[in-house]
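Novice: If you want the building blocks of each chain, they are given just below.
Protein chains: 2
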Amino acid sequence: MAAEVGLYEAMSTLRAVRRLRSETIPDDVLQRILQAGAWAPSGGNVQPWRVVVAKDPQIRSQLGELYAPEWAKYRSGAWKNVERLTGEARAGQERMLRAADHLGEHFGSAPVILVFCFNPTTMAITDSDLPRPSVVGGGSVYPAVQNVMLACRAEGIGCTLTTLLCFQEDAVRELLAIPDPWYTCAFMPIGYPELRGHGPISRRPVEKLAYLDRWQGKF
Amino acid sequence: MAAEVGLYEAMSTLRAVRRLRSETIPDDVLQRILQAGAWAPSGGNVQPWRVVVAKDPQIRSQLGELYAPEWAKYRSGAWKNVERLTGEARAGQERMLRAADHLGEHFGSAPVILVFCFNPTTMAITDSDLPRPSVVGGGSVYPAVQNVMLACRAEGIGCTLTTLLCFQEDAVRELLAIPDPWYTCAFMPIGYPELRGHGPISRRPVEKLAYLDRWQGKF
Numbered sequence: 001m002a003a004e005v006g007l008y009e010a011m012s013t014l015r016a017v018r019r020l021r022s023e024t025i026p027d028d029v030l031q032r033i034l035q036a037g038a039w040a041p042s043g044g045n046v047q048p049w050r051v052v053v054a055k056d057p058q059i060r061s062q063l064g065e066l067y068a069p070e071w072a073k074y075r076s077g078a079w080k081n082v083e084r085l086t087g088e089a090r091a092g093q094e095r096m097l098r099a100a101d102h103l104g105e106h107f108g109s110a111p112v113i114l115v116f117c118f119n120p121t122t123m124a125i126t127d128s129d130l131p132r133p134s135v136v137g138g139g140s141v142y143p144a145v146q147n148v149m150l151a152c153r154a155e156g157i158g159c160t161l162t163t164l165l166c167f168q169e170d171a172v173r174e175l176l177a178i179p180d181p182w183y184t185c186a187f188m189p190i191g192y193p194e195l196r197g198h199g200p201i202s203r204r205p206v207e208k209l210a211y212l213d214r215w216q217g218k219f
Numbered sequence: 001m002a003a004e005v006g007l008y009e010a011m012s013t014l015r016a017v018r019r020l021r022s023e024t025i026p027d028d029v030l031q032r033i034l035q036a037g038a039w040a041p042s043g044g045n046v047q048p049w050r051v052v053v054a055k056d057p058q059i060r061s062q063l064g065e066l067y068a069p070e071w072a073k074y075r076s077g078a079w080k081n082v083e084r085l086t087g088e089a090r091a092g093q094e095r096m097l098r099a100a101d102h103l104g105e106h107f108g109s110a111p112v113i114l115v116f117c118f119n120p121t122t123m124a125i126t127d128s129d130l131p132r133p134s135v136v137g138g139g140s141v142y143p144a145v146q147n148v149m150l151a152c153r154a155e156g157i158g159c160t161l162t163t164l165l166c167f168q169e170d171a172v173r174e175l176l177a178i179p180d181p182w183y184t185c186a187f188m189p190i191g192y193p194e195l196r197g198h199g200p201i202s203r204r205p206v207e208k209l210a211y212l213d214r215w216q217g218k219f
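Quick mapping for you: the protein sequence lines, in order, are chains D and H.
Under my numbering, the first residue of the first sequence is numbered 1, with each subsequent residue one higher.
Under my numbering, the first residue of the second sequence is numbered 1, with each subsequent residue one higher.
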């Protein structure tokens, strides 16, 4: 049974899956995926997040209509960056962008779209007064989002995280009747993969991410 | 072997562990914990985070000296909130706060303190212009932080996440020689648990976190 996937196996094969079948996700599978999110830690155990599980075809279609132009704006820059690459790096990026273009056209056809919301008034955002972008509020929501993605992997469900729809936050809040003071922080179309789905991922090695004792200290 | 822990078992028993033994963490264990972080997804696969692995006793001690007064400032409000509770809820919070007070005094004695840093200039922060606190930058760092915590659980290592030291970001950056444009977003003392360590956690049920199709829609 899918739930027996090992922790490291799930993490090391969790790739973005952007081509999704429209097949329904069974309720028990969805329940386990959301339970994984509920288990995540948050500052003061406040759990200052909620998730709208969009299954209604009309709502998903409207989310898709909001997503398509945002992806269209983003994609031109992304494709231009690819032109600077060569060889296998370029081929890999092109495959990714073709899949992302596919998602841009089919966002609303995913059987479920998860819309994660957060309430900043119940968060202790310790970096809000610093003279640089604040990220700490995310510390109480993205651990839950990551748990949900890992659970998707365990259940054989493809998923990918996007925040592009924050550019359409007003429209999304109106569509889903999200009240003050709740806002959007993550959008995740999920579904069974069209192709092979999960598998190898490409990441920096630990030695390039971790330092011993001080910046640049060789780990 | 610890790495065989199942995904859901790890998630459902990942509790904050604030009483840590000073015993050294073997290098191979630390390597697996950091590898889990490296596997995490990030926007555009940029991985705009690094982690300083503080093992040097003097550096840890100085981090502890920076943490103690921040915890002291925070704890009085937290203990006051407990006075409003009764029964088992109060007893649970008191146990948590006693452990947090212990951590406040022994922060620098954890055998390893992980200091997560991020580079906002390489992030696409899609909510930076919205009239509410921005969290999206966190979407490219806290999935890695969550992977690290889950890996700690898998390895039998206790951990807890704090962002209180963001209040001392300048001092931390100087201590660890963190250059522009890198900033701090998560601090994690880790070590083998003094007491039982991981176990049951207390969270809202899925029905209180998930809505179907629209806000408040019964899932």
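If you are wondering where the hints come from, they were derived from the structure by calculation, not from laboratory data.
As the structure is a prediction and not an experimental result, all values here were calculated from the model.
Keep in mind that a hint or two might mislead.
Derived lysine-lysine pairs resembling DSBU-like cross-links, with alpha carbons at most 30 Å apart [claimed, not checked]:
#1 H/55 with D/208
#2 D/55 with H/208
#3 H/208 with D/218
#4 D/218 with D/208
#5 D/55 with H/80
If you only want the chain H side, here are some residues facing chain D, beta carbon under 7 Å, derived [said to hold, decoys possible]:
#6 12
#7 36
#8 42
#9 71
#10 72
All C-beta atoms, glycine included, are put in the ideal place defined by N, C-alpha and C.
Novice: Please go over all the hints and tell whether each is borne out by the structure.
Specialist: Tested hints:
no.	hint	verdict
1	H/55 with D/208	18 Å, holds
2	D/55 with H/208	18 Å, holds
3	H/208 with D/218	45 Å, violated
4	D/218 with D/208	9 Å, holds
5	D/55 with H/80	43 Å, violated
6	12	5 Å, holds
7	36	6 Å, holds
8	42	9 Å, violated
9	71	12 Å, violated
10	72	15 Å, violated
Consistency note: the structure conflicts with the earlier hints numbered 3, 5, 8, 9 and 10.
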